[in-house]
Amino acid sequence: MKLVAVTSCPTGIAHTYMAAEALQIAAKEMGHEIKVETQGSVGAENVITEKDLREADAVILAVDTNVDKDRFQGMPMVEASVKDAIKDAKGLITKALEAKPAAADVREYQSSGAEKKKTGVYKHLMTGVSFMIPFVVAGGLLIAFSFAFGIHAADEEGTLAWALMEIGGSAFGLMVPILAGYIAYSIADRPGIVPGMVGGMIANTVQSGFLGGLIAGFIAGYTVFLLKKAIRLPKSFEGLMPVLILPVLSTLFVGLVMIFILGGPVKSINDGLLSWLNGMSGTNKILLGGIIGVMMAADMGGPINKAAYAFGAATIAQGQPSEVMAAVMAAGMVPPLAIALSTVIAKNKYTQEERQAGKVNWALGASFITEGAIPFAAADPIRVIPSLMAGSAVAGALSMIFSATLAVPHGGIFVLPIPNAVGNLPMYMVAIAAGSVVGGLLLTVLKKKVS
Amino acid sequence: MNTKEMFSKNRVTFDLKAKDKMGAIDELIALLSADGKVSDPERFKEAVLKREEEFSTGIGMGIAIPHGKSDAVLEPAMVFGKSKVGVDYESMDDKPAHLFFLIAVPVESSDLHLRALSEISRNLMHSDVREKLMKAESFEEFISVFGS
Chain U
1 MKLVAVTSCP TGIAHTYMAA EALQIAAKEM GHEIKVETQG SVGAENVITE KDLREADAVI
61 LAVDTNVDKD RFQGMPMVEA SVKDAIKDAK GLITKALEAK PAAADVREYQ SSGAEKKKTG
121 VYKHLMTGVS FMIPFVVAGG LLIAFSFAFG IHAADEEGTL AWALMEIGGS AFGLMVPILA
181 GYIAYSIADR PGIVPGMVGG MIANTVQSGF LGGLIAGFIA GYTVFLLKKA IRLPKSFEGL
241 MPVLILPVLS TLFVGLVMIF ILGGPVKSIN DGLLSWLNGM SGTNKILLGG IIGVMMAADM
301 GGPINKAAYA FGAATIAQGQ PSEVMAAVMA AGMVPPLAIA LSTVIAKNKY TQEERQAGKV
361 NWALGASFIT EGAIPFAAAD PIRVIPSLMA GSAVAGALSM IFSATLAVPH GGIFVLPIPN
421 AVGNLPMYMV AIAAGSVVGG LLLTVLKKKV S
Chain X
1 MNTKEMFSKN RVTFDLKAKD KMGAIDELIA LLSADGKVSD PERFKEAVLK REEEFSTGIG
61 MGIAIPHGKS DAVLEPAMVF GKSKVGVDYE SMDDKPAHLF FLIAVPVESS DLHLRALSEI
121 SRNLMHSDVR EKLMKAESFE EFISVFGS
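Chains U and X, in that order, give the protein sequences.
When the first sequence is numbered by our numbering, its final residue is 451 and no position is left out of the sequence of numbers.
When the second sequence is numbered by our numbering, its final residue is 148 and no position is left out of the sequence of numbers.
In isolation and in its complexed conformation, chain U is listed as follows (with noise of 0.2 Å):
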């Protein structure tokens, strides 16, 4: 019989290829042909052609990190981890030579139940999460750019601050699908792809931000993955899953539960604390600027963060300086600070890309994009988001104390310079830098190193 097989190991130096170098022992000693193409640091080796497929008769996927498995479509198929093919090489060729070949079908070698499990979830937020980065990082820097002319520079529709606007926004605007997108598109491959978009677009309908999106895209990836394993067609129609039946069904319940489910209670906690908020006449400035800051920092693009941003913003309505607008863009610009500067200090808990996209979270910060953080969040909740939530509620509260104001709701350093803009601006800085130290050394403590 012949084989074909794929090994790859995140940190792509040695067992790679001790994966790939038992199975070819295996193989031999069991009197099969295989042929494994190893996925390492220096690139694909041995890579697998056309012609190798058509001969092989199952193929082994022995790998940590996400690998494209569209070329083998139809293929009977074993997964396990490079571990497995290291240990029990020959176990991996049996198991696939016994897998049944099926459309989408893709037997699980399970090693251990848990431990797959959580690197599962892992695997499927960071897909998500890397496919993102690009977007935050485009989009915001082109915001960046546009606010560069003034904060009020792209409402004049046809002038260059106008356009980078209308391109930055456009870049964000897709930001959540994306997210959600690629979730579904690790969970269930290509099917996944259409309701994992349609529900992270929808995610922005409803305003739920990234978390929404997150939502949409582990619900995305799972329906389709269900559906495949539960219906069962005639040969003569399995073409029509993939085209027709996949996505029409699993976007269908996706944006359902997005619309119905998930919508209405988004509404109501955005509104629930917009009033809350506005109720809360008379309370203790300080406090009020911590929970300010807790909350632009919760769910970054989500009800919560909208809700506190929105009262910020009716406080300047009639353009006099608020204290309130000013803890707020200081807990708005804490996020993406305190990430730049985690990823400088403990360059080993975060992965090259998100170094990269921490040098660009610097200008972010800056003016006031609280979005450059969304990827960090989403890759880590648990770690990130309560420290950043500290950093920012630190900062409001600092910003309070200090009675800053502001009477502009957008634009970060942009504005510090415009006259009256910014009132006690030394140590409205100082405000923002403490909560953006504090945030940055949380996340460095708490953030485990990449693996």
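Simulated from the structure, these hints should not be mistaken for lab results.
One or more of the hints may lead you astray.
Claimed, not checked - Here are the simulated lysine to any residue pairs, SDA-like style, with alpha carbons at most 20 Å apart:
| no. | chain 1 | residue 1 | chain 2 | residue 2 |
| --- | --- | --- | --- | --- |
| 1 | U | Lys447 | X | Glu54 |
| 2 | U | Lys347 | X | Glu52 |
| 3 | X | Lys50 | U | Val344 |
| 4 | U | Lys449 | X | Lys50 |
| 5 | U | Lys87 | X | Lys135 |
| 6 | U | Lys83 | X | Glu54 |
| 7 | U | Lys449 | U | Thr127 |
| 8 | U | Lys83 | X | Lys135 |
| 9 | X | Lys95 | X | Lys135 |
| 10 | U | Lys87 | X | His126 |
| 11 | U | Lys449 | X | Leu49 |
| 12 | U | Lys449 | X | Glu54 |
| 13 | U | Lys83 | X | Leu49 |
| 14 | U | Lys83 | X | Met92 |
| 15 | U | Lys87 | X | Glu90 |
| 16 | X | Lys50 | U | Val450 |
| 17 | U | Lys347 | X | Lys50 |
| 18 | U | Lys349 | X | Arg122 |
| 19 | U | Lys83 | X | Ser56 |
Fit chain X to the known structure of chain U by using the hints.
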């Protein structure tokens, strides 16, 4: 330069004295330095340890492959060390390491060290290779394991 050329009889020891991971790395770097392949052993050690932080080079099955890319390295070179009693190397299979391959490459060497690593790791998957290396007591015996 091919992988075999990176070995030399001045850079092998069949009786590593070290009792722990740091000691083993130090001993191997000392051999490298005595043979004039690094201009600054301390700086090279930093590169090795930095790489070690990312991901342990104790890859299991009694093998360790510490490596570093640094401008303190004058010429690509490998050091082989064999520890008869074994050293706790924080390996992936929690077993002690007996066979050590220290790989040193200069900064401009692009993928040389990666190719060397991939060749060595492939070879070491064969249990007879590992057995022969454990039995080797001279450079000739050692180098013959890697074929002609």
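Going through the hints against the structure:
1. Lys447/U to Glu54/X: holds (14 Å)
2. Lys347/U to Glu52/X: Holds, at roughly 14 Å.
3. Lys50/X to Val344/U: Holds, because 16 Å separates the two Cα atoms, which is no more than 20 Å.
4. Lys449/U to Lys50/X: Judged against 20 Å, a Cα distance of about 13 Å means the pair holds.
5. Lys87/U to Lys135/X: Cα-Cα ~24 Å, so violated.
6. Lys83/U to Glu54/X: holds (18 Å)
7. Lys449/U to Thr127/U: Status holds; Cα separation ~18 Å.
8. Lys83/U to Lys135/X: The given pair, whose Cα atoms are some 27 Å apart, is violated under the 20 Å limit.
9. Lys95/X to Lys135/X: Roughly 19 Å separates the two Cα atoms, so the pair holds.
10. Lys87/U to His126/X: Roughly 13 Å separates the two Cα atoms, so the pair holds.
11. Lys449/U to Leu49/X: holds (15 Å)
12. Lys449/U to Glu54/X: holds (8 Å)
13. Lys83/U to Leu49/X: Violated, at about 24 Å.
14. Lys83/U to Met92/X: Holds - the C-alpha atoms of Met92/X and Lys83/U are around 10 Å apart, at most 20 Å.
15. Lys87/U to Glu90/X: At roughly 19 Å apart (the allowed maximum being 20 Å), Glu90/X and Lys87/U satisfy the hint.
16. Lys50/X to Val450/U: holds (13 Å)
17. Lys347/U to Lys50/X: Satisfied, since the Cα-Cα distance of roughly 11 Å is no more than 20 Å.
18. Lys349/U to Arg122/X: violated (30 Å)
19. Lys83/U to Ser56/X: Distance ~15 Å between Lys83/U and Ser56/X Cα, so the pair holds.
Checked against the numbered hints given earlier, this structure breaks hints 5, 8, 13 and 18; the rest are met.
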